[in-house]
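K.L.:
For reference, the chains in residue letters:
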Amino acid sequence: MAALRKLFPFIFPYRAAALIALALLLTQTFTDLAIPRLIQRIVDEGIRQNNLAVVLETAALMLGATALSTIFALGNNRSSVLVGEGMARDLRDALFVKTQAFAYGDLDTFTTGNLLVRLASDTTAVQRVFQISLRIGTRAPLMMLGSLALMFMTSRELSLTLLPLLIVTSAVIVFFSARMEPLFWSVQLKLDRLNTVLQENLAGARLVKAFVRDAHESRRFAAANADYTQRNVEVMQFLSMLPPVLTLFVNIGMVVVVYFGGLRGITGELTVGQIMAFYNYLLNTLNPLILTGLLANTWANGIASARRINEVLDHIPEVQDRPGAGDLPEPVRGRVTFSSVAFRYRSADADVDEQDVLSDISLDVVPGQTLAILGATGAGKTSLINLIPRFYDVTAGSVSVDGVDVRDVRQAALVAHVALVPQEAILFTGTVRDNIRFARPMASDAEVEAAARAAQAHDFILGLPAGYDTSVAERGVNLSGGQKQRIAIARAFLADPAILILDDSTSAVDVETEGRIQAALRERRVGRTTLIVAQRISSALSADQIVVLDRGRLAAQGSHADLLERSPIYQEIYESQLGAGVREVLDAEDGGRS
Amino acid sequence: MTAARARAPRPNIGPAPAQPGKFENAGDPNRALRRLLPYLRPYALILVVVLVLVLITTGLGLFGPYLLGRAIDVDIASADAAGLLRTALQMLGVYVGYNILQAISSWVMARISQRALRDLRQDLFAHLQALSIGFFDAQPAGELMSRLTNDIDAINQAVSQNVIALVASVLTMVGILVTMFVLDPWLALATVLVVPIMFWFADFVARYTRRGFRVLQKELGGLNAVMEETLSGQKVVKAFQRSDAAISEFRAHNQTVYNAAVSANTYALMLMPLTNVLGNFFVIVLASLGGWLALQDLVTVGLIATFIAYGQAFIQPLRQLATLYNSIQAALAGAERVFEIIDTAPETPDPADAAPLGAVRGHVEFQDVSFGYHADRPVLAHMTLEAQPGQVVALVGPTGAGKTTVINLLTRFYEIQGGRILLDGRDLREIRKADLRRHLGIVLQDTFMFADTVLENIRYGRLEATDAEVMRAAELADADHFIHQLPHGYHTVLTERAANLSQGQRQLLAIARAILADPAILILDEATSSVDTRTEARIQRSLLRLMEGRTSFVIAHRLSTIRDADNVVVIDHGRIIEQGTHDALMAKRGFYYQLHLSQYKGLEI
Chain A
1 MAALRKLFPF
11 IFPYRAAALI
21 ALALLLTQTF
31 TDLAIPRLIQ
41 RIVDEGIRQN
51 NLAVVLETAA
61 LMLGATALST
71 IFALGNNRSS
81 VLVGEGMARD
91 LRDALFVKTQ
101 AFAYGDLDTF
111 TTGNLLVRLA
121 SDTTAVQRVF
131 QISLRIGTRA
141 PLMMLGSLAL
151 MFMTSRELSL
161 TLLPLLIVTS
171 AVIVFFSARM
181 EPLFWSVQLK
191 LDRLNTVLQE
201 NLAGARLVKA
211 FVRDAHESRR
221 FAAANADYTQ
231 RNVEVMQFLS
241 MLPPVLTLFV
251 NIGMVVVVYF
261 GGLRGITGEL
271 TVGQIMAFYN
281 YLLNTLNPLI
291 LTGLLANTWA
301 NGIASARRIN
311 EVLDHIPEVQ
321 DRPGAGDLPE
331 PVRGRVTFSS
341 VAFRYRSADA
351 DVDEQDVLSD
361 ISLDVVPGQT
371 LAILGATGAG
381 KTSLINLIPR
391 FYDVTAGSVS
401 VDGVDVRDVR
411 QAALVAHVAL
421 VPQEAILFTG
431 TVRDNIRFAR
441 PMASDAEVEA
451 AARAAQAHDF
461 ILGLPAGYDT
471 SVAERGVNLS
481 GGQKQRIAIA
491 RAFLADPAIL
501 ILDDSTSAVD
511 VETEGRIQAA
521 LRERRVGRTT
531 LIVAQRISSA
541 LSADQIVVLD
551 RGRLAAQGSH
561 ADLLERSPIY
571 QEIYESQLGA
581 GVREVLDAED
591 GGRS
Chain B
595 MTAARARAPR
605 PNIGPAPAQP
615 GKFENAGDPN
625 RALRRLLPYL
635 RPYALILVVV
645 LVLVLITTGL
655 GLFGPYLLGR
665 AIDVDIASAD
675 AAGLLRTALQ
685 MLGVYVGYNI
695 LQAISSWVMA
705 RISQRALRDL
715 RQDLFAHLQA
725 LSIGFFDAQP
735 AGELMSRLTN
745 DIDAINQAVS
755 QNVIALVASV
765 LTMVGILVTM
775 FVLDPWLALA
785 TVLVVPIMFW
795 FADFVARYTR
805 RGFRVLQKEL
815 GGLNAVMEET
825 LSGQKVVKAF
835 QRSDAAISEF
845 RAHNQTVYNA
855 AVSANTYALM
865 LMPLTNVLGN
875 FFVIVLASLG
885 GWLALQDLVT
895 VGLIATFIAY
905 GQAFIQPLRQ
915 LATLYNSIQA
925 ALAGAERVFE
935 IIDTAPETPD
945 PADAAPLGAV
955 RGHVEFQDVS
965 FGYHADRPVL
975 AHMTLEAQPG
985 QVVALVGPTG
995 AGKTTVINLL
1005 TRFYEIQGGR
1015 ILLDGRDLRE
1025 IRKADLRRHL
1035 GIVLQDTFMF
1045 ADTVLENIRY
1055 GRLEATDAEV
1065 MRAAELADAD
1075 HFIHQLPHGY
1085 HTVLTERAAN
1095 LSQGQRQLLA
1105 IARAILADPA
1115 ILILDEATSS
1125 VDTRTEARIQ
1135 RSLLRLMEGR
1145 TSFVIAHRLS
1155 TIRDADNVVV
1165 IDHGRIIEQG
1175 THDALMAKRG
1185 FYYQLHLSQY
1195 KGLEI
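Sequence order for the protein chains is A and B. In this text, residue positions in the first sequence follow the numbering used here: the first is 1, and each later residue adds one. In this text, residue positions in the second sequence follow the numbering used here: the first is 595, and each later residue adds one.
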C-alpha cells in the first residue's frame, strides 16, 4: 500500500479531473440509489393502489434519473480516462528520465529488458489501479453506504440481521487481498524469466541457428512457459474462488431477506414493495462489495508494480554530480592524471567479493600528448579509460583533468570535453549525417564532411545509396563493422574534444585504413590529448607515451624506444606481432634489391 | 532521430534486406477469433463437461427469482409462514449448489484457458525460430518483444476472465427468456426486443473501440521500440550527452500513445453507461407495462415482481455480453498482431526429399556466386572459390568487400541469388539447413552470451559434453585462467552486459564454444579482433590444432593470423583479385603485399 501512496504525487496534476470524476460518481450513485426506491414506489403506490398515474409518473422519474446517471457516467468515464492515461504517461516519463540519469554501473544493475517491463507493464498496472478506483472503487463504498442507510431506513431489525453477513463478507475480502499480492509478485518474476529467454533468442538468433540449437531453445522456452503458466493457473484458480464465495454470501443475504422480510410481510410490518426495495438495497450493498473484492487482484497487481517502479525512481545513481561541482577551468588544456587509482566493479550480488580490476595506477598525460595503452585481454584497459569521463568512479585514488578531480566537475561539463569511442561501434537509426552529428547537432555539413574525411569514412559514405543521407537501419545492419567504426570515429572527430579516447576502435578496420586514420589523428593532434587503447603495436608506435597493463597494474611505462630496450613484457608483445614480419620485410627488400 | 544500438558488434553483414518482414494487414477481427479457437480444441472434452456444469448452474440461477415470486405471491399473500420457510430453504439450497458448481467450472476454465495461451505462446516462439535472419535484421527488437508480451497479454486478459462469463451469460439469457415466455408471453416479448437493441449499441461502439485499440497497440509497439533502442544504447547516449534529445524523442512517442489510449478507452468505456441506460429503460418499460397490465388484472403483483427480478437478471448477462464484446476488441487487436508474425514466411524451407548429410569431408566450392542484400546493389559478383578438405582459407580485403557475406551465404543465413555453393559436391540448397549448420563451427564477431553460467555458455557448442570436456576446451582457448579468477569461476552467471568480462574475454569464450563443437568446417570471422596479440599468439597454437584436418575459413585483419593459411583469398568489391599462399602473394608484390607492408609503416627498424 505504501508503494502506491508514494506514487500519489503523480495524480496531483490531474486533481481537477479526478475531483470531477469523483463528483460525477457521487451524483451517479445518488441517481442509481434512487432506482430501487422508485421501483418500490411503483409497486407499492402504483400497482398495489391501482394508480396508473403514479406508475407512469414514477416511470418518468426513473427515466430522468437514468438519463442523468448516464450523463454523469459518461462524464466520469472521460475524466477518469484522462486522469489514468495522464498518470501512465507521466509515470513512463519519470521512469525514462530517471534512466537517463543512470551511470554505467546502474545500467549494469538494471538490464534493458528489466527496465522495459517497468516502463510498460508495471506502469499500466499502476494506472489501472488509479483509473478503476476513480470509476468503480469509490462508487462501491458510496453505493454500499447509501444502500445501507436506506436499508436501515426501511427496516432496522432486518438490517441488523444482515450485519453479521456484511462483516463476514468484508473479512473474506480482506483475507483474499492479503494473500494476493505475493502471488502477483511471483507471477511477475516468472514473466521476467520468460521474457529473458525470449529476448535472448531474438538477440542471439544467429548463434542459435549457427549451432542448430533450435530444439534446445525450444525446450528452454517451453520450460519457462510451463513454469509461468503453472504459476498463473495457481493464481487464477485462487482468484476464481472469490466470486462464488462472495456470491454465496449475497445469496444467503437474499434468503434472509426473503424469509425474515417475508415473515414481516405476513405480519404486515413491511409491504411487498418494501421487501423488494430491501432486496434491491441488499444487492446494491453486496454487489459493490463483491466488485471491490474482484478488484482486489487489480490492487494486488498494482501494488507489486508500484514497488518495482519505486525501485527505479528511488535508485541513487552510482555516479552523481557532487553538490558544488563546477565546470572545468577554461581553457581546457587536456591534462589527465591518475593518482594511485584503484577500481573494482560494484557487483549486484551482495555476497560476491569483487576483485580489483585496477590497482595502484599512477600516470600523467601532458596536454597534447598521445598515450597508447596496451595489455592482455582483461588487463583493465577499458576500465581504465572509463574512469576519465566518470562513467565509473574510482574506488581509491583520484583521476584529475587539468588538476581538477573529475568528481568535482559536473558530469555534463566533463563529458563535453572528453569524447570516447567505444569498442562496439554504436549507431542509431537515422541518416549517416545524423549519426556523425550526434556529437554536435549544430555542426555544419562541411564540418561533418571534414570529420568523415579524417576518419577515412568519406569515400565509402559517398558510395552508399544516398551518401550522407543514407539511412542507418536498425542496429546498423546495412554497414560493415569497419564502416561503423569509422563513422563512430568521425563522430568523435566532430566533437573535437580536448581529450579524445579511442578504445580499440579500429579492430575491424584493415591495417592500411587504420594507418590513414592514425595519420589524420596525428595531424589533428595539436593541442589535443589522445588516449588510444590498442591491440596492434603499430598503433602504439608513434605515441608519445606507452603504458602496458598487466592484470590491472602498470607493467611498463615509457616511449617505444625506451620500452623496446628495457621492458620484457613490451618486447614480448613486439616480437609476437612484428618480429617475424619485420624480418620478412627486410628479407623481401633484400630480395628485391639483389 | 532515435537512439538505437547494436546489441553487440554486428558482423559485416551488408545492407539490410528489402523488407522481408513487411506485414500483411489482418484486418478481419473474426478471422483472428477463428484462429484463436483451435487452441481450445485439445480441451474439447473438458469444455463439454464445463458446458454441462454451466448449464446446470444457469438453471439453478434461474430458479432464484422464481422462488422469490412464489414467496411473494403464495406464501406472504396466504400468510403461510411454514411455506415461506420452505421456500427460503429451497432458495438456499439452489444458491449453494449454484455457487459450488460455479466454483468448479471457474477452476477448470482457469486451467484450460492458461494452457491454451501457453500453446499459443509456444507456437509463436516456434514460428519465430523458423524465420530467417533477414527478418530479425529488419525488425526493431522492441517491436517484436511487444507482440510477444503486450499483445499476448491483451488476449490473456480477455480469455481468462471472459470465457465462462460468455457461456454463462448466453445460457442465462436463454433460460430466462424461456421462463419468461412460459410465465407471460407479452412481458417476455418486451424483453426480447431489448436484445437486438443492445447488440446494435454494442456493435456500434465496438467498431470504434476496435479501431482505437488497433491504433493503440501499434503505437505501444512503436514506443516500446524507441525505449528499447535508447536503453540498450544508453552508454553512448550518455557519452555524447544526448539524453535531452533522447527524452524529447521519447516524449513525442509517449504523447502519441497517450492520445491513442485516451481515444480507445473513451470509446470502450462508453458502452457501460449506454447499456446501463438501456437496462434501466427496460426495467421502466417492464414496470410501466406490468403496472398497466396489473391494473387490468391481467397479471398479479407477484408476477410483476418476478418479471422485474428476471428482467434485472436478464439485463446483467446482456450487459456483460456487450462489455465482453467490447473488451474482446482489445484482445483481437492483439491477436491480429500475433498472427501477423505467424503468417510471415519462414526461412526457405528444406526440400522434402533432402538426403541426410553423412560424414563431411569439407570440400567447399563457390561456383559463380552472386548476391546482394538489395536487388540493385550486388555485394558478390560471380565469385568462384574452392577450399579442399582440411585447407585453411583466409579471406582478406578492405571492409565492406564482401568477406562476411561469403560466410553468410555458406551458413545460409542468407540465400544466394546466382550460381551455387557445393559441399562435398552437393548443392547446399539440397541439404537440410540444420544438417549443414551442425557441421559448421562458427565464431562470429558477435560474441553473444546467454544469461547463464560460463560453463553452460561454452557447453552450448556441444550440449552432451561433460564438464571436463568443457574445461578442456576453455583451456585450449586460453580462457581457463581468467575464468578461474571470476567470482564463482565456471559457475559465474554472465549477465546481459557482463561488465566484469572484457570483449576479448568474451571472444575467448566464443572460441572455446567452437572448439567444443568439434565441427567439420570451421568459420572464424574476426574471431580474435578484440584479443590482444600475445594472447592470440598463445591460442594460435590451439587454433592451428583446431584447424588441422578441418576446412577453415578465416577472416581477419591481423595478418599474423593468416600467415599460415593454405590459401589467402584477397577480396575487393565482391571479387577475388588475388589468391595464393602468403609467400606467393608477397612475391607478387601486389595488393596483398601492399596490405602487409602497410602494417609496418612508420616503423623504425
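Everything labelled a hint here was simulated from the structure, so no lab data went into it. Any given hint could turn out to be false.
Here are some chain B residues pointing at chain A (derived, C-beta under 8 Å) [unchecked claim]: (1) Ile640; (2) Arg715; (3) Pro867.
These numbers come from a predicted model, not from an experiment. Using N, Cα and C, we set each Cβ at its ideal position, and we do this for glycine too.
K.L.:
Hint by hint, note whether the structure agrees.
P.N.:
Okay, the hints, checked on the actual structure:
1. For Ile640 (chain B), the shortest C-beta to C-beta distance to chain A is roughly 14 Å, which exceeds 8 Å, and the interface hint is violated.
2. Hint on Arg715 (chain B) holds. Least Cβ distance to chain A is approximately 6 Å, under the 8 Å limit.
3. Because the beta carbon of Pro867 (chain B) sits about 4 Å from the nearest beta carbon in chain A, less than 8 Å, this interface hint is met.
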